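A.B. asks: Next come the chains, spelled out residue by residue.
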Amino acid sequence: MGGGAEYENDLNFKATELRLGLPGTGCINEEKAVSGAKNNKRPLLETREERGSKGKSDPQHDEQETDPAPKARIVGWPPIRSYRKNSLQPKKAEAEAAAGMYVKVSMDGAPYLRKIDLKVYKGYPELLKALENMFKLTIGEYSEREGYKGSEYAPTYEDKDGDWMLVGDVPWDMFLTSCKKLRIMKGSEARGLGCGV
Amino acid sequence: MNYFPDEVLEHIFDFVTSQRDRNSVSQVCKPWYKIESSSRQKVFVGNCYAISPERVIERFPGLKSITLKGKPHFADFNLVPPDWGGFVYPWIEAFARNNMGLEELKLKRMIISDECLELISRSFANFKSLVLVSCEGFSTDGLAAIASNCSFLRELDLQENDVEDHRGHWLSCFPDTCTSLVSLNFACLKGDVNLAALERLVARSPNLRSLRLNHAVPLDILQKILMRTPHLVDLGVGSYVHDPDSETYNKLVTALQKCKSVRSLSGFLEAAPQCLSAFHLICPNLTSLNLSYAPGIHGTELRKLIRHCRKLQRLWILDCIGDEGLEVVASSCKDLQEIRVFPSDPFVGNAAVTEVGLVALSSGCPKLHSILYFCQQMTNAALITVAKNRPNFTRFRLCILDPTKPDAVTNQPLDEGFGAIVHSCKGLRRLSMSGRLTDRVFLYIGMYAEQLEMISIAFAGDTDEGMQYLLNGCKKLRKLEIRDCPFGNAALLMDVGKYETMRSLWMSSCNVTLGGCKSLAKKMPMLNVEIINETDQMDISADDRQKAEKMFLYRTLAGRRKDAPEFVWTL
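So the sequence lines, in the order shown, correspond to chains A and B. According to the numbering used here, the first sequence is numbered sequentially starting from 1. According to the numbering used here, the second sequence is numbered sequentially starting from 1.
One chain only, chain B, in its complex shape (with noise of 0.2 Å):
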């Protein structure tokens, strides 16, 4: 392989693009190593501070595209104090300063400020896409700064950030020039924004595959602006307040006639069901339908709707569907890969959504691989049948909403139930459990998950032996979340290698101590382990007896992070 030229190499290893196997790359040789580094384009780095900008620009100066991840998933739950950290400006500041060709940018849990991003709209000229999922910082300022100076912009995606909303002036300074858009998604901002300037932005977008609107654009302009995007793929509709006039309803049926490509539908954020009949045009093709913010959406117009649906792949949903709207998920759609069920009350949850909606799906949805399940029960007895229904399951989530709950119908733990989940999908990546568990459990997954990377757990197990099965048996792990378990220093300390093959390790409201933890941080000096102390009476010589009511530890080659706040201590 050393007798072919550079240039064929990188050429070939342009059609290796997967993160993964670019890694193992460039690990054959050094040869291998310089000409994969200097050809990547694109990099993930799923906890930015695990290692510094400047590492990374030095290894791939050819970087055009990078995704970022701040804060610890918890952080999503109100378990992570606001400022804990996740800032991305340091990485902005460094790119800029280097000349990087950033041209993409993804990040997620992470806090911008507008500031930073007037500063990527004046230092990137090829900047194309922006998108930003579970961030905050910034506001609709920022947003106009990358409206006006980005003139390539493709992409602007905002997913569930909050956005201080300063309102609708942002959407006007996409100047004249601006053709490109490809995909704007501003659905979670909460203000008004230029109706006028949107549908002239819109008519001046040739381009334009995916449009998710906020609630402040009422139906009349939705149908206007449909008229123009016959080729549109990708629909979140924002307001569907009042039941329209007949004219504004005929028009909106007549513009969705036009639009043959959508496959995805989204939003509905208020909405009134008596006019879903429109959408029953472009149900037949729809492969992705999220109705979550849609509590307005049930009963017989939502079955009716999912009906339509048969070519759906993937579905999130509020649990106002109810075991009987699973069932016609189930029997409607067999193409069904994806589900989430969401609670619309989350603190009491809708008596209609238990275990039978689940072995429903189980049984009638042959593809289905990855389900995210909010309910009011289960049973270990579902739960079995499920695992035997579906092998297949990639990623498996169940959150009872009462969350130490038994099976329903025995009063017993639901370890057997997770246990036959955990044995008979082989594939099983990412797991959650809820509902009253034991040791046994985590004997189970540690048997029989082989492929596990990712596990959140929260009020299960007994003893530190839970958390040892885990540790000692799941190979593959990378993320362990931990939240108000009985494990302590001994399961913490048993195996303190195991969290160099690992991403990050959080544990909440356990057993573990200060001085369990400063003897893990002086084992493992390329660990970051943090505490984060919210109350005023400990402090860092306190008695290390104490317990560390938040940890989180991760591995890192940039150590100690020096904009962590006073009540994050790394020891």
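Bound conformation, chain A alone (with noise of 0.2 Å):
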């Protein structure tokens, strides 16, 4: 969706955008705090200001919007009627709950299982580095057309219809809410996953 290139034109625009601010100022809203009524508003709303005028984030990389523990949160925004929010907000708890976000980690050969929370990563690249630490191994980057080419292992998981896929395919979002356990395979059968079909 070209989520990742609008995130760059907006850094370069400010690099290279002239303002009359001192060096180092921020967005607009930094000088703003120095005027009007508002004082004791500013200093919560420039957090979400920073993050916010970032725009369009990529969605793997999301996570840092979905803040568990919600800084900025002003009485009465966004102005929707507390019967709408009411019904919105246990469906997200309820759809976290039961993404399962403790999940089993299996690897061939070992001879336990491991437990990881996967709420804990913000995308693919920190589960992966996870996963290497946690055993020991190098898994390596992922690509559409070869999966973790080069690497004696393949990351799997289980999703809500009972199959295996590999880890990396699908948004992040949607990783979370179908993956139901991991398995780490190992050797011939690792590689055969890469390739093909």
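Among the clues, some could well be false.
Sample of chain B residues lacking proximity to chain A, with all beta carbon distances greater than 12 Å (derived) [as the list claims (entries may be wrong)]:
id, residue
1, Gln-19
2, Asp-21
3, Ala-50
4, Glu-58
5, Leu-79
6, Lys-128
7, Arg-167
8, Cys-178
9, Asp-234
10, Asn-250
11, Leu-256
12, Leu-318
13, Ser-363
14, Gly-364
15, Leu-471
16, Gly-515
Derived SDA-like pairs (lysine to any residue); straight-line CA-CA distance at most 20 Å [what the hints assert, rightly or not]:
id, chain 1, residue 1, chain 2, residue 2
17, B, Lys-190, A, Gly-76
18, B, Lys-190, B, Glu-270
19, A, Lys-85, B, Asp-76
20, B, Lys-64, B, Ile-35
21, A, Lys-85, B, Pro-81
22, B, Lys-108, A, Gly-76
23, A, Lys-85, B, Ile-35
24, A, Lys-85, B, Asn-78
25, B, Lys-311, B, Ser-264
26, A, Lys-85, B, Lys-64
Calculated Cβ distances over 12 Å to all of chain B for the following chain A residues [unchecked claim]:
id, residue
27, Tyr-102
28, Val-103
29, Gly-109
Derived by calculation from the structure, the hints in this document are not laboratory data. Since the structure is predicted, the reported quantities are computational estimates derived from the model, not experimental observations. Each residue gets a CB set at the ideal place from its N, CA and C atoms; glycine is no exception.
Need the complex rebuilt from these two chains, each delivered in its own frame; the hints are there to steer you.
C.D. replies: Given below as structure tokens:
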């Protein structure tokens, strides 16, 4: 969708923009903090401003947005009816619980399984790194064409339908809701997954 | 005209239905006033405290249908404490006492108790229609009273109310003799309902045209109900949870094939998107679709559904539709008139809805005139394009989830963008803005928004001039609500007479002081100037320089209200 490209453009624009502010001043709202009756609200808003003004963010790295401990809650904002707010919130909590954030991780040949909390990771790179650390192995980088080529191991997961899928194919959010358990395949079985189809 | 007998005039007035027109008719001369008032059947009271029930009864003795609105609009967003007011009981009690032949009651943002519902059900023999929107204070016991006693009930429509649920007994209270139901909407009820009673009720209601179920009605019951209601025009699906076994699914498809009249679809409160294809059958005829309570429907399944809805005029959706989904709407729904895009996560929002979706809609949908759009970001360029594409907007409400966010590309305030909207959309009646906005945008609004009746402002403006431009310029302004803006006494007191031409003014977290409000109240005895005081420290003799945290003023013929709680002071 081009989310990544827009992120890049935003950064470049800011870097080359001629402004009257002192070097190092961030967005307009920091300057605005000096004026007006809203001082006690500005600092709260800045945190959200800085995050928000990055524009469209890559959905895979969206996790910093879904901060479980929300920082800047303004009373009565956004302006939606309490009825609507209440009916959406419990669903989100349910969805998160149902996602089964603690999943078992098995590795071929290992004597026992481990468990990890998927919520802790913001995306695939972090997850893979954690797995590498946990099992003392190298998985390498994902490519759509060849999976985890060059590695002896392939991280896979069992989805809601009971199928074993290669980790990395689907967007992170979708992975979170469909992953039931992880399995690190080893050896010839692993290489088989990387090729073809 | 005075040569016509009264009956003839009355007959002519029967053709004048809009309240505004009837008000005009009644002001022509005394005889016309008398005839119009005695024959008027339908009354709309936009602020239940603007007039007393006794006065309404006195003027309109033939009243059969009344709409009442209570709390200020910002009460929807938790800015007004509970028990602020908006009690409907005094109205019902007055109607009952005066033997009014009340048949229809529509309430919005009011408090209605079970006792009151019971009173309604016993006092008005011909009571036909009860519509409650965003109300509270009652339970399913009150609904049971309505069901039991209103023999000719046609309509029971509950929209987004906070109802205490004592389980599904109320549905069984409709007597077997009740066969008059045309419209039944209980989607907002949280508890279980007696499914057998529901089926029997539907079976004996041949005139049923609108049915909106709550989450407790599962797929197999839905299918059975649909088999009995082939003439249904408006359907609210309750629960659509589990992937049904193929038999139930096939039965549902068969039932839907019979429902050739469905034009409006909503609900899917818990939805498994895979079953949606059953509804593709009715999509081509749909004019109204509300999926704003269905977070489970998104992505490809949602887009597939939308592509089938070529006749759609009204769409309420969640932002998980994304810009991509909105582009599908723009290319498929050429008859679209109204769209509302709600946030699926109220505090973060989905990064997928931005100015791109808005521009696509404005360019693809030539009849689009009403929009409510919650999004992550906006740009002036986009708003200027939208204004050029779509000068026919009558309602334009934009909510950027980060309320003071500037133009996402240029970092400028969004003054120019909104300025373009008000300049181009000459028929604009309602406007809500957000994002970084200076006094300049109010200059534009004052200059160009000649038809504007209602405006909502938050975190905008720099000085009193902003509000002054607004009050000076917008001659047709009726409702103004402002929160967290640096407008103070100078703006508030600039033109005090203006407030008598308006329904109400709300100002919270602004710079108006207690002294300013007192001064206004003194100058304008026909206004109720109310201060909502939620902190203990402040009292009425407090320093006038203290800020009035929440002020709500409205014109009234009824004087100060007698039911104001302790924390509300009428100055």
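A.B. asks: Holds or violated: is the Cβ of Val-103 of chain A farther than 12 Å from all Cβ atoms of chain B?
C.D. replies: holds (22 Å)
A.B. asks: Measure nothing beyond the straight line between the CA atoms of Lys-85 of chain A and Ile-35 of chain B; if it is 20 Å or shorter, mark the hint as holding.
C.D. replies: At roughly 47 Å apart (the allowed maximum being 20 Å), Ile-35 of chain B and Lys-85 of chain A break the hint.
A.B. asks: Run the distance test for Lys-108 of chain B versus Gly-76 of chain A: straight-line Cα separation, threshold 20 Å.
C.D. replies: This hinted pair holds, its Cα atoms lying about 19 Å apart.
A.B. asks: Quick one: work out the minimum CB distance from Arg-167 of chain B to chain A and report holds if it exceeds 12 Å, violated otherwise.
C.D. replies: The assertion about Arg-167 of chain B holds, with a minimum of 19 Å to chain A.
A.B. asks: Confirm or reject: Gln-19 of chain B is not an interface residue toward chain A, with every Cβ-Cβ distance exceeding 12 Å.
C.D. replies: holds (26 Å)
A.B. asks: Just double-check Leu-318 of chain B for me: nearest Cβ-Cβ distance to chain A has to come out over 12 Å.
C.D. replies: violated (8 Å)
A.B. asks: Report holds if the minimum CB distance from Lys-128 of chain B to chain A is greater than 12 Å, and violated otherwise.
C.D. replies: Per Cβ check, Lys-128 of chain B is outside 12 Å of chain A; nearest 26 Å; holds.
A.B. asks: Are all beta-carbon distances from Gly-364 of chain B to chain A longer than 12 Å?
C.D. replies: Per Cβ check, Gly-364 of chain B is outside 12 Å of chain A; nearest 18 Å; holds.
A.B. asks: Verify the proposed pairing of Lys-85 of chain A with Pro-81 of chain B, using a straight-line Cα cut of 20 Å.
C.D. replies: Between Lys-85 of chain A and Pro-81 of chain B the Cα gap is close to 17 Å, so the pair holds against 20 Å.
A.B. asks: Lys-85 of chain A and Lys-64 of chain B were given as a pair; does the straight-line alpha-carbon distance stay at or below 20 Å?
C.D. replies: violated (35 Å)
A.B. asks: Over 12 Å to the closest beta carbon of chain A is the bar; see if Leu-471 of chain B clears it.
C.D. replies: Holds, since 19 Å exceeds 12 Å.
A.B. asks: Against the 20 Å threshold, does the CA-CA distance of Lys-311 of chain B and Ser-264 of chain B hold or violate the hint?
C.D. replies: Holds. Lys-311 of chain B to Ser-264 of chain B sits at ~11 Å (cutoff 20 Å).
Comparing the model with each numbered hint stated earlier shows that hints 5, 12, 17, 23, 26 do not hold.
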